[in-house]
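There are 2 protein chains.
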Amino acid sequence: MEAYPAECRHEIRPIYNSKIERKVIMADENQFVKEITPMDEDFSQWYIDTILKAEMADYSTVRGCIVFRPYGYAIWENMQHLLDKRFKETGHKNAYFPLFIPESLLQKEAEHVEGFAPEVAWVTHGGSDELAERLAVRPTSETIICSMYSKWIKSWRDLPVLINQWANVVRWEKSTRPFLRTSEFLWQEGHTAHRTEEDAEEETLKMLEVYRDFVETELAIPVIKGRKTENEKFAGALRTYTIEALMKDGKALQAGTSHNLGQHFARVFDIQFLDTDGQLKYVWQTSWGVSTRLIGALIMTHGDNRGLKLPPRVAPIQAIIIPIPGQDSESVYARAKKLAGSLKDRYRVELDMSDEKTPGWKFNEYEMKGVPLRIEIGPRDVKNNQVVLVRRDTGEKMIVSQDDLSTKIGELLEDIQRNMFAQAKTFVEKNTSVAKSFDEFQNAIESKRGFVKANWCGSSECELAIKEKTMATIRCIPFEDNEPDGECVHCGGKASKKVIFARSY
Amino acid sequence: MEAYPAECRHEIRPIYNSKIERKVIMADENQFVKEITPMDEDFSQWYIDTILKAEMADYSTVRGCIVFRPYGYAIWENMQHLLDKRFKETGHKNAYFPLFIPESLLQKEAEHVEGFAPEVAWVTHGGSDELAERLAVRPTSETIICSMYSKWIKSWRDLPVLINQWANVVRWEKSTRPFLRTSEFLWQEGHTAHRTEEDAEEETLKMLEVYRDFVETELAIPVIKGRKTENEKFAGALRTYTIEALMKDGKALQAGTSHNLGQHFARVFDIQFLDTDGQLKYVWQTSWGVSTRLIGALIMTHGDNRGLKLPPRVAPIQAIIIPIPGQDSESVYARAKKLAGSLKDRYRVELDMSDEKTPGWKFNEYEMKGVPLRIEIGPRDVKNNQVVLVRRDTGEKMIVSQDDLSTKIGELLEDIQRNMFAQAKTFVEKNTSVAKSFDEFQNAIESKRGFVKANWCGSSECELAIKEKTMATIRCIPFEDNEPDGECVHCGGKASKKVIFARSY
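Protein chains in written order, with the working numbering: chain A, 208 to 712; chain B, 208 to 712.
Wrong hints could be hidden among the right ones.
You can't tell identical chains apart in this list, so a pair holds if it fits in one copy or across any two.
List time: in silico DSBU-like cross-link candidates among lysine-lysine, alpha-carbon distance up to 30 Å [as the list claims (entries may be wrong)]:
no.: 1; residue 1: K551; residue 2: K295
no.: 2; residue 1: K260; residue 2: K632
no.: 3; residue 1: K361; residue 2: K564
no.: 4; residue 1: K551; residue 2: K292
no.: 5; residue 1: K292; residue 2: K615
no.: 6; residue 1: K676; residue 2: K458
no.: 7; residue 1: K615; residue 2: K300
no.: 8; residue 1: K315; residue 2: K381
no.: 9; residue 1: K440; residue 2: K705
In short, the hints are calculated from the structure, not lab data.
Given these sequences and hints, build the entire structure.
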């Protein structure tokens, strides 16, 4: 756990020379610390406190649904922008399909409906009339999209179909947690159709790599790529691939999935095309998605006892300018405004000019909100044509000439992004263990948590027994380092793969 | 009605010198014309034909819901981008509120629920359990948002709250038409809270002006700004303002509305703040929205018998490159690719290399899709380092050096945007008449359609009687030229305003 670097907060500056000023700041800080539960005292409470205090989200009057407040939604907007760019660069186009799915349509694919029916919200009335057929509020859109693809796809020339949708979906969850599991959430769902099995598999893996690259590069969250077991795969898929992240409490989080749907849906929805050889064939399909739970991943990968810590690339505010007016407020405010104006085109910069809060209060506030860089400017800084920069990730503080400020900010934001990824990567490495026996396994899951690598015989029985006994599931059969080097950790039988276990969100 | 400029299509180029080539193109054209019903034969059918043929949207298996296909959705994405920028520049932030609204919440404001209840889709079951309280799928979000604002707003320092939401909404419509009236549609809804009545009114009018500027500048659709009558205002508003456009069939279309909600919702949802004078007061609120019906407005303002005609600023493809391979396909394709690559960063350019369609077929296809500029390149053009440019709006054709192409495209796109607005403006002027007597009024509405200006006494009785007799409604009390210059066109009594009537979508 990082200590709050107090020395970064109370440097000797004109405004802090008065004891009164100092007292106010200290009082606020104590107040502040009281409001966020420390991580190691109660991680769940820390998570909720951070979300509410940073005004990322709020509970609504609708059970299981949250409100995405502007600060939380802005993170999602930044994610959307960066992901959407990647989708378009890989040839995908966005479309929008209906929110409602007729019950008969949802029921067409047996595994699929079995997987989703228990958590569907049903519309039964339009105005005062009862509907002839119930409508599901989409839990995912395979069925409604396939019903359209069967109209649109006729020839091999129509393939591939590469469509993505940004949408809200609803899954009537019993227990919910902001961003991680809510009855309504926001996501994107890609749905593609291909001529051959190879093309579909290539697409599935390509999009998994797009996710890995996005999550690691933009969110600074290291992930493990792998394949889901039969038990854990998507309802209706042939194969499900996943990227798995590790949160600071040692629980895994599935950060994105990409499914090779095979021809299951094509057969049920009769999506056939005339191939180059003159034969009618079923298409091969994929679907893939990430959701607003990535915001939860962001919080739990990078946050600390001070609150949020946001990677610069998705931070709604990359740098906050805090004027410290002192005895010469006019010139300080004027210079702060000028700096803000000159930086606005290049960075997401904000200037907090509110006069009802002390600078010290603001320092805490924006640290809690995870803003990567703080820019302080007081009378002495105006005189010396400088500012004080403070990094959120390390607490490091430096004096920078105003002339070099824009360049320096660019360098620092890049360095912070890099450093946050490195820190998270180190955390995952430190919290990944290997279990050779079931005792070791249980001990690792109970006491150390984190990822536990172990050999597995490949049977569903062992997988479920392990889950029953330890609450740990197979997060994935990783693409790398998956060759067994011993017997199954549970039954002692011949192992088929070395896989990654963890308790998870 | 514009004639299809045939001379622009059949210039003497190497590839057209063969009679066979010409025949293929003519056959395609005839085929093509058959597929879109002419505007003056059946405007509604022309509208539907255009949408389906251009693959903007398709009917879904869900009654009253359409699928936004990539070409239609891309227009919405461009609109979103341009509008969102304006919202942010005027200080607004995006957020996201739940899709569901508990019945008790919706019922809190009497006028509001009366206005929306008949068209609400109701969720009654979550999984297999019946819900204790029915949930409305949001028809609009005032109630759910106000329930949050009452938690968030405590002091004058919290004001103004300037929030916008991009979302899907559902209104269970009896009769539907793609983009114009569908059970589910996409929109944005701004919801703001202010300290004073003046602040709220200023915001309401500011956002109306944002809409006017957006619709006229980006969509090239001229609109009239005005206020709605009591009969036509939003359920629960104090005052509703509107921008009204005129479609090519002479029917008006409400393109955007901005509501001053007064304190109605604040009182019902108890949104109070401590003002600077120490008094607890209710906030003043606004809401404002535009929706995907703007896509319908775009089609019906600019389209012609060839299909769509899209203003460059929102066109998904601003220029389409069509190679005419002739005897030297290799060098033509290579040059076409090079040009596409060099233009991609500056414009939304696509290159159609498909070899199963003739160039003539492609000319028709992209005209039908409304692409503002066509770039033709054949063997002679490669040799002469030139291309042939053809404008969708005028059919004008010109030979341009490849060296000047990027600059020339920029100029032409701007000119097309300007020209499309001017053409639409002329159409509105030609189709706006003045009625001094009720005979004149009825005649204008029946035979000429369009906007009809007439004096009105201000009574709801006359307004409703006129609607009953002519199906025309008061579109708005315009901001300009609203001084009465005679008696009420219906009752002959003293007129209070000169207003604008029309039949409408």
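Quick rundown of the hints versus the structure:
| no. | hint | in the structure |
| --- | --- | --- |
| 1 | K551 x K295 | both (27 Å within a copy, 13 Å between copies) |
| 2 | K260 x K632 | within (27 Å within a copy, 51 Å between copies) |
| 3 | K361 x K564 | between (65 Å within a copy, 16 Å between copies) |
| 4 | K551 x K292 | both (22 Å within a copy, 14 Å between copies) |
| 5 | K292 x K615 | both (27 Å within a copy, 28 Å between copies) |
| 6 | K676 x K458 | within (16 Å within a copy, 69 Å between copies) |
| 7 | K615 x K300 | between (37 Å within a copy, 28 Å between copies) |
| 8 | K315 x K381 | both (25 Å within a copy, 28 Å between copies) |
| 9 | K440 x K705 | within (18 Å within a copy, 66 Å between copies) |
Checked against the numbered hints above, the structure breaks none of them.
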